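Take the given structure of chain D and dock chain C to it, following the hints.
Chain residues, written in single-letter form:
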Amino acid sequence: MVPGALVRLRAPEPADAESFYEWFNDTEATAGLGVRYPVSRRTEREWVERGAVPSYAGAHFAVETLDGTLLGTCGLYGTNAPENRSAELGVALVDRTQWGKGYGTDTVRTLCRFGFEEMNLHRIELLVFAHHAYAIKAYERAGFVREAVARQAHWGDGRYYDDVYMSLLEGELR
Amino acid sequence: MNGDLVTLRPMDPGDAAAQHRWFQDPDVTRYTGFRYPPSLTAIETRLRGAEDSTFANPRFAIDRRDTGETIGYVALRDVTPESRAGELDIVIGERSAWNLGFGTDATRTICRYAFRTLGLHRVHLWVFTENAAAIRAYEKAGFVREGVARDRWFKHGRWHDCLLMGLLADEAAP
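Protein sequences appear in the order of chains D and C.
With this note's numbering applied, the first sequence corresponds to residues 530 to 703, in that order.
With this note's numbering applied, the second sequence corresponds to residues 171 to 344, in that order.
In isolation and in its complexed conformation, chain D is listed as follows:
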């Protein structure tokens, strides 16, 4: 268990799969995530099984409130070149009824602290849609810096979107 101020991170459990199945099929909840195709219960069960042992190669977590209400998932990925001590951050708080309570920012902070303090990362990066202003603000609150705009890099909803690259280096977490 990785405790934060408002949330805690734990290994995914099989019982999470049904909630993930519902939430990841909620197109409004996943609009910022670039999810394209409907996900099956089997996909979610397999994800939970694969993620059951968080490790350096794939630090997947279930995110829950301090009283144990499941909120979504998060993780640090792309650590395949450990020499770079760099990972990509992914956060999917897909229960829409829990939005606007500061859980997102606290999840980012908690996950990044874990990345720096336990995984010995030097750099945590992420990709976010340029029009996803709310998420960008949450990342900036945690200390992330905008580094690049990949123009028209993502297709969805019948149009191209720009992607913003952001990163946080060790010592910059707020």
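Simulated from the structure, these hints should not be mistaken for lab results.
As the structure is a computational prediction, the values presented were derived from the model and not from experiment.
Incorrect hints may have been included.
[What the hints assert, rightly or not] Not close to chain C: a few residues of chain D, all C-beta gaps over 12 angstroms, as computed:
#	residue
1	Arg539
2	Gly629
3	Val693
[Stated by the list, open to error] One-sided and incomplete, this derived list gives chain D residues near chain C with beta-carbon spacing under 8 angstroms:
#	residue
4	Glu654
5	Glu676
6	Ala682
7	Ser696
Note that CB positions come from ideal geometry on N, CA and C, so glycine has one too.
Structure of chain C alone, referenced to chain D:
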């Protein structure tokens, strides 16, 4: 596939010796992600077992048109059909072919192939910010600077910043 100065052709096992020689040259690998020197056997095995180019990963050897000499290779990686976007990867391994326009021409040629044959919308690449010659060549081919990722790669005892560059179909030279 012909450019003005180079021909792009499928790689074959006969390219192994040249590739092996390039990867022994620290001036060739200085600005690449490359760290562990591959054996000749490993390169031969990889080239012999290599599948044909695919939409997701087309790759070519670069031959000079004037002498027929093989001077490097160029590839697209992680090409996604929905976003119609992929990443460019190029190495000019023959030092005698540097600064003569071959890299620029190979870049133009594979981008023309990406846009006109594969129907892509965008090609992007990452380059070390200190690799000024490469950045000049990419700009000549039409690539636009999109931002700098700090400390993205660790090599030679320190962190290196990497520049993201992108080229859209309607920006490429005809």
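So, going through the hints one by one against the coordinates:
no.	hint	result
1	Arg539	holds (30 angstroms)
2	Gly629	holds (30 angstroms)
3	Val693	violated (9 angstroms)
4	Glu654	holds (7 angstroms)
5	Glu676	holds (5 angstroms)
6	Ala682	holds (6 angstroms)
7	Ser696	holds (6 angstroms)
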